[in-house]
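Join the two chains, each given in its own frame, into one complex according to the hints.
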Amino acid sequence: MLDKRMTVDEIVGQLSDGMTIGIGGWATRRKPMALIRAIARSSLKDLTVAAYGGPDFGLLAATGKVRKFIFAFASLDQIPNEPHFKNARQAGLPVFEVDEGMFHWGLRAAAMRMPFLPTRIGDGTSLLDQPELSKRVTSPFDDGETFVAMPPIRLDAALLHVHRADQQGNTLTLSPDPFFDELIGRAADKVYVTTEKLVATPNLDMVNNLRFNILERAQINGVAEVPYGAHPTSAAPDYQLDLGHLKTYAASATSPEEWANYRARFVDVSDADYLAAVGGPEQIAALKTPSY
Amino acid sequence: MTDFSLSELLIAACAENWRGVGEVMAFGAGPLPRLGANLAKKSFNPALMTTDGECFYTTEPIGPGRRSDPANVEGWSPYDRTFSTLWGGKRVAMVGPVQMDRFGQANISAIGDHAKPKVALVGARGFPGNSVHHRNSFFFQAHNKRAFVEGEVDYVCMAGYNPARWINDRAPLGLELGIIVTNLCVMDFGGPDHQIRVVSLHPGVTFEEVQENTGFPLAKASDTISETPAPTAEQLALIAVLDPNNVRAAVFKDNPPGRRD
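The listed protein sequences correspond, in order, to chains U and S. Counting along the first sequence from 1, when you hit position 221 you're at 221 in my numbering, and nothing is skipped either side. Counting along the second sequence from 1, when you hit position 49 you're at 49 in my numbering, and nothing is skipped either side.
All clues stand as given, with none of them false.
FRET-style restraints, in silico, Cβ to Cβ:
| no. | chain 1 | residue 1 | chain 2 | residue 2 | range |
| --- | --- | --- | --- | --- | --- |
| 1 | S | G151 | U | E10 | 49 to 59 Å |
| 2 | S | G204 | U | P80 | 29 to 39 Å |
| 3 | U | M1 | S | P70 | 37 to 47 Å |
| 4 | S | Q195 | U | S42 | 54 to 64 Å |
| 5 | S | Q141 | U | A218 | 48 to 58 Å |
| 6 | S | R19 | U | E10 | 51 to 61 Å |
| 7 | U | R136 | S | A71 | 47 to 57 Å |
| 8 | S | G88 | U | T289 | 29 to 39 Å |
| 9 | U | N208 | S | A71 | 14 to 24 Å |
| 10 | S | S222 | U | D143 | 37 to 47 Å |
| 11 | U | A218 | S | Q195 | 52 to 62 Å |
| 12 | S | P163 | U | A285 | 53 to 63 Å |
| 13 | U | D17 | S | P192 | 54 to 64 Å |
Computed cross-link-like contacts, EDC-like style, restricted to lysine to aspartate or glutamate with a CA-CA straight-line distance of at most 16 Å:
| no. | chain 1 | residue 1 | chain 2 | residue 2 |
| --- | --- | --- | --- | --- |
| 14 | S | K90 | S | E23 |
| 15 | U | K288 | S | D69 |
| 16 | U | K197 | U | D238 |
| 17 | U | K86 | S | D113 |
| 18 | U | K190 | U | E10 |
| 19 | U | K4 | U | E216 |
| 20 | U | K68 | U | E132 |
| 21 | S | K90 | S | D80 |
| 22 | U | K288 | S | E54 |
Bear in mind the hints are in silico, worked out from the structure with no lab data behind them. Think of the CB as a built atom: it goes at the ideal place given N, C-alpha and C, for glycine as much as any other residue.
So that you can see chain S by itself, here it is in the shape it has in the complex (with noise of 0.2 Å):
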C-alpha cells in the first residue's frame, strides 16, 4: 500500500473540483487547492487555465511559492481581465472561506457584528461576484462547529441556497456550488434542497465524527458512505514535481498521514 500524507489525500480530492469543467480558468486559493488544480491540469484536463498568482498564465503550472520563468508564460491575465472572464463564466474556483452555513453562504469578511467586528477579516473581497457567476468549491483546513457554523454566517460574502437572500426569490443566474474538502471529508450540496452531504469521508474518520464537528445536520450521499479514494502511485508523483519545495508538508501541523492509525 503507498504511503501518502493527509496534504496529498486532500489535493488528490481537490483536484476533482476541476473535472469535466473544460477550457477554464482554474483558481485555488491556497496551497493545496491550488495544487489540486495543478494536478487537474497535469493529469484529467490538460485544458485548464492557470496562473502564477500575479498576471500571466502559464503552460506548465507554478506551485505555490514558487516564482514563473517567463519561457513558460502563455498569456496575460490582469486584473480587469479576471473579472471580464469570470464574468463570463469562463472561471471555475475553490476558495477557503473563514465561515460557511448550511446555505453554503460563506464569510471572509467579519466575525461579529460588522459595523464593529470581533475580528475583522480581509473584506469580501472578489466572493459576491465569484459566486453569481462560477462554480465555486470551498477548502477547509480545519473541520469544525466555528467553521461550518450553527445559525446564518456572520456575513455573507458569497450567495448560496438561501432564497430569503435571492432577489425576487430567484437563484442568481450563475450560482453552483461544488464540492467541500475538508481535513475530515468531502461534501457536496446534493441532499434534499441542496442540503450539504457527506459524499465521502478520509481514511478513518466517522460520519458522526464529522456531524459533531458541524453546527448544522448533515445527510448522507447513500447509507455506506465511501472512502475518500487514495491518491495513485502516478497522482502523487505528479504532485511531488508540482510542489518540489514541499510547501504541502508545511500545511499540517506534523504532516500527519492520510490514513489514521
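Next up, chain U with everything else stripped away, as it sits in the complex (with noise of 0.2 Å):
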C-alpha cells in the first residue's frame, strides 16, 4: 500500500528558496499553521507565497521568509487587519493584488494548466495597473466584448489542513465551508496535508462522506498527522478559532520587542510545547464557536 506519511519537518524538507507556496483554507479558518510556524523554524527564504491570507501570513512575513505575496486579504476577521502582514507591507513588501474570485480564477487557470481565463474583473481598478494584469483579450464572437486575461497562478507546492487522511493521501475535509482548497492543491506541483487524524480507509467512511473528500489521492504528496494544526485558526466541526490567542497574536506586532516574545513562546518551540502553551488540547476542543 502506498504510504505517504511524512512528519512536519519532513515536509518542510521538501521545500526550497524561492519556490511559490499556496496555503488553503481562509483568513482564520483550517491553516495548516504547524506547517506554518515549521517554515517559520527553518532556513527557506525568498518564497512568493498565494493564500487567502490570515496568521500564515503574518507569521511568514513576520519572520522573514516572503518575497512577495499573491493575494486579495489578510485579515484575522474578528480584527480586521492582519498585523504583521500590514507592517511588513508598510515596509514595502512587493505584492501581486488580485480580487478573490479573481485569485479562484487565478488558480483554476493553473489546474487547466491555460495561460489565462477571461475574466470581466478588475476593469476599471487600480488591479490592472500591475504588468501581471496588463494583458487583454478579446471575443472573437459576435459581441467582441474585452476582458482582462488572468495569468495562471502556478504553485510549486500547495499546503493544505484536512480533518482526516489515511497513509495514502486519501482526505475529508469535514468543515462547513471547503474554501478553494481542492484548486489550490490542483494549481500544484506537490501538495502536502496536515491531517487532524489520520486513520485507516475503511474508517475515512468514504461511502457517507464522499462530498468532503474534495482532491483524489494523486494529487496529494505527503501527509503528516497533526492533531490541533490548525490552532489558533479553526477546524470546525473539531474545533473553532482561539480569539484570545489572535489576540495575544495580534499584540506581538505593536513591537520588536512583543514580537521576539511572541517568537520565543509559540513558534521558536516544538508542536507538544506549543500545544501546551496556548492551553492544551481540552482547552482547545472547548473553544466556543464565533460570529461572524
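Structure (C-alpha cells):
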C-alpha cells in the first residue's frame, strides 16, 4: 500500500528557497499553522506566498520568509487587518494584488494548464496597473467584448489542512466551507497536507463522507498527522478558532520586543510545547463557536 | 414624536438599498448595513436571502454578533457559491470603503503609495468583482474629506463612473452604484454624468455642512432637499428584534439621537 506519511519537518524539507507556495483555508479558518510555524523555524527564504491570507501570511512575513505575496486580503476576521502583514506591507514588501474571485480564477487557470482565463474582474480598477494584469483578450464572437486576461497562479507546492486522511493521501475536509483548497491543490506541482487524524482507509467511511473528499489521492504527495495543527485558526467541526490567542498574536505586532517574546513562546518551540503553551488540547476542544 | 438613535435612522436608510431588488443574496458589511438588509427582509422584501456571515443562508435573518440556530438554516453559501452567485448578478451589496472619490471609485487596499503604503489596509477583497457584476451601495460612518477625497482614491478597488479606467471606454457590464448612506446624509449617483448628489439630509444637517465635509462638488437632488425619513414605529420594533444585543448602540460614540438638538 502506498505510504505518503511524513513528519512536518520532512514536508518542510521538500520545499526550497524561491518557491511559490499556496496555502489553503481562509483568513482564520483551517490554516495549516503547525506547518507554517515549521517553515518559520526553517532556513527557507524568498518565498512567494499565495493565499486567502490570515495568520499564515503574518507569521511568514514576521519571520522574513517572504519575497512577495499574491493576495486579495490578509485578515484575522474578527480583527480586520492582519497586523504583521500590515507591518510588512508598510515596509514595502511587494505584492500581486487581485480580487478574491480573480484569485480563484488564476488557480483554476493553473489547474487547467491554461495560459489565462478571461474575466471582467479588474475592469475600472487599479489592479490593472500591475504588469501581471496588463493583457487583454477580445471575444472572437459577435459581442466583441474585451476582457482582462487572468494569468495562472502556478504553485510549486500547496499546503493544506484536512480533518482526516489515510496514509495513501485520501482525505476528508469536514468543515462547513471547503474554501478553495481543491483548486489550490490542483494549481500545485506538489501537495502536502496536515491532518487532525490519520486513520485506516475504511475509517474514512468514504461512502457516507464523499462530498468531503475534495481532492483525489493522486494529487497528494505527503501526509502528516498533526492534531490541532490549524490552531489558532479553526478546524471546525473538530475545534473553533482561538480568538484569545489571535489577540495575543495580534498584540505581538506592536513592537520588536513583543514579537520576540511571542516568537520565543509560540514559534521557536516544538508542537508539543506549543500545544501546552496555548492551553492544551482540552482548552482548544472547548473553544466557543465564533460569530461572523 | 418617536425617539430614535442616529444608528436606527441609518439602518432604515440602508434598508432602502434592497427595496425592489427581488430574490437575491443580500450582503451588508458592518453592523448597520447588515441590520439594514435584515430590516428590508423583515419588511418590504421578504424574498431576500441573508446569511449568518459564515456560509449558511438562514430563514430568519441573523444580526451582528449572533450565531445561527441550526433549525434556522435554509441553504448553503460557501465562498465558491458566493462567487458563482455574484458573477451571475444575483447579489446586492452595501459595503464600507475607507475612501471614495467623485466617480464612486472605492478604496480598501492602501493609503498612500501602493508599493509602500502609508497605511496598509485589508486588501481589495471582492470589491473589484462585486463592482462589475451587481449593484453596490455604500456606508460611511464618518462623512469627511478623508473619506470623500478630493482627487482619485489612492487605490481603485471598485470600479466607478470613470471612463478613463474602463476597458475600451465602455462601462463594465454590471456596474451599478446605488446609494451612499453616511452619518450626515443619503446620496446617490443621479446627478449629471453620474455626479454624486445629496438625496436627503439627516434631521438638523445642512447641505453646506455636507459639502464642507466632502472633497468634491456635490449635486442636489432638488432645490429643497428633503429630510431623511425617520424610522417608523414598526421599523424600530423590528430593529429591536433583529439586534437584541444592541450592537447598534455601540457604533457611534455615546449613541447620539437621530435628531440633533
